[in-house]
Amino acid sequence: MTTMQKLLQLPVNAVNIVKTVQSQVQGQSQEEDKSPVLSPDGGQQTWYSALQPDELRHLRPGGSGGGGGGGGGGSSGGGDQDERATLDEGGGFQNQPLRHDDLKEMLDSNKDSSKLEAMKRIVAMIARGKNASDLFPAVVKNVACKNIEVKKLVYVYLVRYAEEQQDLALLSISTFQRGLKDPNQLIRASALRVLSSIRVTIIVPIMMLAIKEAASDMSPYVRKTAAHAIPKLYSLDPEQKDQLIEVIEKLLADKTTLVAGSVVMAFEEVCPERIDLIHKNYRKLCNLLIDVEEWGQVVIINMLTRYARTQFLNPNINESLLEEGGGGEKTFYGSEEDEDDEEEEKEKKSEAAALAKRKPYVMDPDHRLLLRNTKPLLQSRNAAVVMAVAQLYFHLAPKAEVGVIAKALVRLLRSHSEVQYVVLQNVATMTIKRRGMFEPYLKSFYIRSTDPTQIKVLKLEVLTNLANETNISTILREFQTYIKSMDKDFVAATIQAIGRCATNIGEVRDTCLNGLVQLLSNRDELVVAESVVVIKKLLQMQPEKHSDIIKHMAKLTDNIQVPMARASILWLIGEYCEHVPKIAPDVLRKMAKSFTNEEDIVKLQIINLAAKLYLTNSKQTKLLTQYVLNLAKYDQNYDIRDRARFIRQLIVPTEKCGALSKYAKKLFLALKPAPVLESPFKDRDHFQLGSLSHLLNAKAGGYQELPDWPEAAPDPSVRNVEVFALLERVTTLTSVPEWTKCSSREKRKEKKVEKPFYSDSEGESGPTESADSESDSASGSESGSGSEESGSGSESEESEEGSESEEEEEEEEGEEKDQKKKKNKEIKKPVQESESENSSEEEERKNERKRRQRKNDSESESEEEEDESESESSQSESEDSDSEAEVKKKKVKTAQTKPPPKPAKTDNKKGKKEMSLLDLDDFEPAPSPQVTPVNNFLSNSLVTDLEGLSLSDNVLSPATISPSSATKSYELLHRITGEGLSVEYCFSRQPFSPDANMVAVQIEFTNNTTNDTKNLHMEDVKLQSGMRVKEFPEIELLPAGETTTAVMGIDFCDSTQAANFQLCTHSRKFFVSIQPPVGELMRPVFLTENEFKKEQGQLMGMNEITEKLMLDVKCRNEHAIVQRVITAANLSRVPCGSDKECRFSGRTVTSSSLVLVTVASKEEGTAQLMVNCEKMVIGTMLVKDILLALTQ
Amino acid sequence: MLSGSLNGKQGEIRHQKGINVSLPLTKMIHSVFLINASGDIFLEKHWKSVVSRSVCDYFFEAQERATEPENVPPVIPTPHHYLISVLRHRIFFVAVIQSEVPPLFVIEFLHRVVDTFQDYFGVCTEAAIKDNVVVVYELLEEMLDNGFPLATESNILKELIKPPTILRTMVNTITGSTNVGEQLPTGQLSVVPWRRTGVKYTNNEAYFDVVEEIDAIIDKSGSTITAEIQGVIDACVKLTGMPDLTLSFMNPRLLDDVSFHPCVRFKRWEAERILSFIPPDGNFRLLSYHVSSQNLVAIPVYVKHNISFREGSFQGHFDLTLWPKQTMGKAVESVLVSSQLPRGVLNTNLSASQGIYTFDPVTKLLSWDVGKINPQKLPSLKGTMSLQAGASKPDENPTINIQFKIQQMAISGLKVNRLDMYGEKYKPFKGIKYMTKAGKFQVRT
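Protein sequence lines correspond, in order, to chains W and C. The first sequence lines up with residues 1 to 1192 when you count with full-length UniProt numbering. The second sequence lines up with residues 1 to 445 when you count with full-length UniProt numbering.
Quick caveat, the hints were computed from the structure, so don't treat them as lab data. For clarity, every value in this text was computed on a predicted model and none was experimentally measured. Backbone N, C-alpha and C fix where the C-beta goes; we use that ideal spot for every residue, glycine too. If a hint is listed, it holds; no wrong ones were tucked in.
Partial selection, computed: residues in chain C whose CB lies under 8 Å from chain W: (1) L43; (2) H46; (3) P73; (4) P74; (5) Y82; (6) S99; (7) P103; (8) N146; (9) D257; (10) V258; (11) F266; (12) Q340; (13) E396; (14) K440.
Listed next, the stretches of chain C that the computed footprint assigns to chain W, with coverage defined by at least 3 CB atoms under 8 Å from CB atoms of chain W: (15) 149-158; (16) 241-247.
Kindly produce the complete structure, drawing on both the sequences and the hints.
Quick look at the structure:
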């Protein structure tokens, strides 16, 4: 087809080309369809063709001739046949092989356009389920094609056929392996995606390697892809499970929302039983949930439901006990009363047991966290998410709170009918357990004539479940309308529903019965029949009252032809023949007449009736009975013959077997319990709601049972995480960061529990000490739970918790030592100080001096290892010296690896004119290399100035007191992602001279490559509303191995939303973002104590946030508090007389709103934190940050 | 024959997969089949190993059992798989899954697929899908990875795969260029996954349509059994850059139950009842809401009806009059009355005072296109119905379904207060439109 032709065809629609070509191409494979043996997609055929495509080509025409009569494989209907017809006319058969050659030719050509055309045709073939496997070699060659679309289509092809042509597929692997190393994250991701989708067992090790590598990739998107790849590999080779679990464990710890959903999916597929992997990530998952994409939310929520069932106590433990016995809704008939008594007894016992335990239920805060964080998702537009939350609430929430889901579920009823179908099924199950929840929405379940029948029936089910004494009259009125519907299946269902209402609600039984009896005169036989069946069931409850109805029904036998209904009537007459002694024999007479023409089910009932009548009224019916039994004896159905034989033996006394006939009456006329009309949805809730298994009411493959609540809650401390992990806040746009609130509460809780270990008195040995601290911990956590509505678990658990956290403490310490030496250094210091403050000031000074002395001593020693059993003081000393040594080492390192600060500075000076900033550099005595020192100097000096009065440690080396970590530096671009360019930034806390409303951000660039980087600048700044950025001046040249700094200003608009931009070099662009901690959004202002109090007085009520806290052991003195607060937020201290209160003031950078912070310390390490700020969001976030700073 | 081929097929697959006898059941969507109204499978896509088409036979069986297409159960269990289907535009979208998965998850996803097709091709018909089969395939490939949804935001998909337009199709055919985006989709990586990056417009405009639907059931005597208002705010936002919008209402308390597009900041709504969001580019549904049931719903149209059948005469009397009520001076437009008459009705002989009425003797569907209601001259439809000779009088009365539209009014009284934009410098053109429609509006007779 020439280009010209293509053009000519275009107006119709370019795709027609594809269509015609497609159909031509398909000719070949369509023959296969005709073969009666092969299924249409021709999988088997491909198997052959892979072996011997040439021979096959010859075989094909013959095959089609033979199979042609078979007429296709059932599912391929008219449409295909039409096409085949046109094809045949075109006489394509002989040319078919050539056509494929044609495609091969196109694929081999070096023009992308013809390759693309060929691939499009091939994909179209695949889409229709036609076999295109013989093109594999030709296609796979193009896997490295430059054209993106060709490439993508080749991927589609490859993923479809690789499994069948494993050897050839291996040719493509190297391309993907190359792709895995690509600097672009999206290319890495797509390479991994295709590689993992190729189901070729040989490459399992390669896949494993690729997944492992991708799991630690810098890009969250690649990590997400890795998570997706895990189930693929698992299904290919389940033996990799253990290794995969390791990867899953690693990815579960990931903190990005992008990864969370995918990795939980992988978890659910590979190792849903390893619930222990979730512990450490539980809180994080809860907190991230709202920002995860919707599909991930569903998976996470379902998994967390299961998790919560294993970890927390049943919040309804008391109610469920009451409910089961005392409900009394089903206890209408006497027959059940006995059971009831039993149940009541059981209940009493269990209640007694519960009392014995004397454990008032207190919800685990983590349980609460889950409920709280999932609730907003009821507002999701995605029905699956809403359903997931609904089932979570149904299975986990206290009874009083489940109600919130009703509204959302009712909303889903407006959606597509398939959604309605699933939702209604679940609502039906819920209404059985928790009827009250949906009662207000009764009218939402009213049925419209336009609903599909399956929806109508489900709504009816719900309405029936919702019926009670108060609303039954409205419901019955509604039912009356339904009975007139044209949809007879629906009418039948309605009659059943009426029957159920009548059995469940005694008051309306007679009304219902009368209504149903009226229906007996309905013209529609189905309606009548259904009514008869229902009436039969109802009458069984009180037969003696309703003999007239029975009489009426007896008359119906002349008209009703529906076998079930006839059978029901006969049974009824037989059962209650004593109530209708005159009519019964007559009915039998009529039936005997028509016996041979009846359906089997009716015949059985005729025999039944005859037997019963014979027993009660043998005089009148003896002959009739014998007649019937004789007829039955020669019936075609062996059931009926058997029954006749059996009954004859039983009721007609003979010499042979008289033993049983004595009891015949008892056998036949025993009192039969009334049937219980139950909802088919009863007890369906043992399946997790919203699941496939629930919908089908059968266990589907791979269904994970929803575990029962544990008797006693497992140790909740397993969920405790190192706080540092939680510190790293992930805020995205969808959520105002307030969601962290809950987590911080949790954290606080946690800390309270842990705290007392630190609070060991001086002289006592280290954190391994147990006896004292245990009691301490209990009291601590108790006071904690007192302040909150939901405390932690029981007391007994608390002590457990205590000992647990002890261990954790140790772990943590170990880790700290390993990783956060720097941090350690700072934290440890204040401890000493706090201790020393307990003693008098003089002593303190003495200590100080001593310490310094010792320090000097120990400095000379090598202090690599620490002895835990050493006394506290010496330990801290050793650590001191340790850190000192560390600092020294670092100094040396800096000297070695980095050019000394001065040259860097001069560099900068050359580059731009940030004089003011850099000049300060000279003053900076802190040797810590990561910190950009400038800024803290100011705040620092201020602090020290103010504190100078009370503390004499001015003399101390600046490293000890300077909150040098105040300017924590953050990574903007990692060396690896940045291809050798690493960028860090910190908030310098300097006023940004070009614009006072901006926060100064100091950026440090390090060129780790061997080439020069040129033209460093930023581009494409993406900001939230109101935010502004002052870009840093372009850095023209950054020589290899050099480091330089630049300062930019960002007006964050008093929000913690990130500023996103591209960092560009002469060759590359990197997406980066800067997100400020809330503490950096303010600048210090100096206030006097009076001014402070005055301002504070104006910021009361909503603008004031107070929190109680337990100070960290290392942070019990004023100095440490000041230091920590100032580290956390850019504030200045307000001088004040009392050393129990520390006040700080500042203003937000953009709006200059006052920020006032008060930390009032009380006895035993408790303290109160108060933040007054006009901007409530800032205030809340600041509270959180300061709390963290003070309690860690 | 069929089952034979099925078993053969599965044996084949097992064989190919090698030694592992008990492979782990993979969750999520295995394959998707598209089936048209006449029962042809016209498209299939597999995300894992191929599942034979013959699995759809179970679906066809269920389809046969169900009298109406909409009565095909959405979930059908088969011996080895489960089929979950949705019916949209007379096409069945059948997903094949192997093991436990929340059914709504699959259903919701399939609907999302249909929405995407509609978005791309304007319509979602068999012809449109067949014409764009390559695009469809590319879309499905991006939307699911290993059966788990990957990219379902239309803005991201449009970055990956350009929607076909006549012009682009033409250009592509000539130049051989592609409809796959050259740029890598950065949207997937951003914190605002629903918005494309680098959006540029010369005219910056944002339109919001507040559309309310009244769902009601009116009983024989004209009293309201149930009536509620469901509303949506559909937006068409074409703004350059990264605008941050806030939309506030005069009376937000009216909204009882809301569900949001993921772009809406939930906390802000909770705290201030203000919709704050960075909008996706193009058309999207910002919000759907339910007006609290405490507010009485004004019923804008009433029907006076008298439909009766006399015993023995094989004649029925039909009389219907509409009149508007509580419309606050706005005209009731595009009124369409339809009713499914009883099976016994052979034909009708009616006269309409305005508009056109049709009666289909086969489906027994009466429909009357009334148009606009003039309050001075009420539209009516009167006449007789002829019944089948010998048939007894039908004991059911037809239900009347009414559709209508009222422009320039939200029946609940909801009013948008203001729309503000932050984050961008230009001044956008803002527009808001109100409309009230009949939802499921039924009158029982």
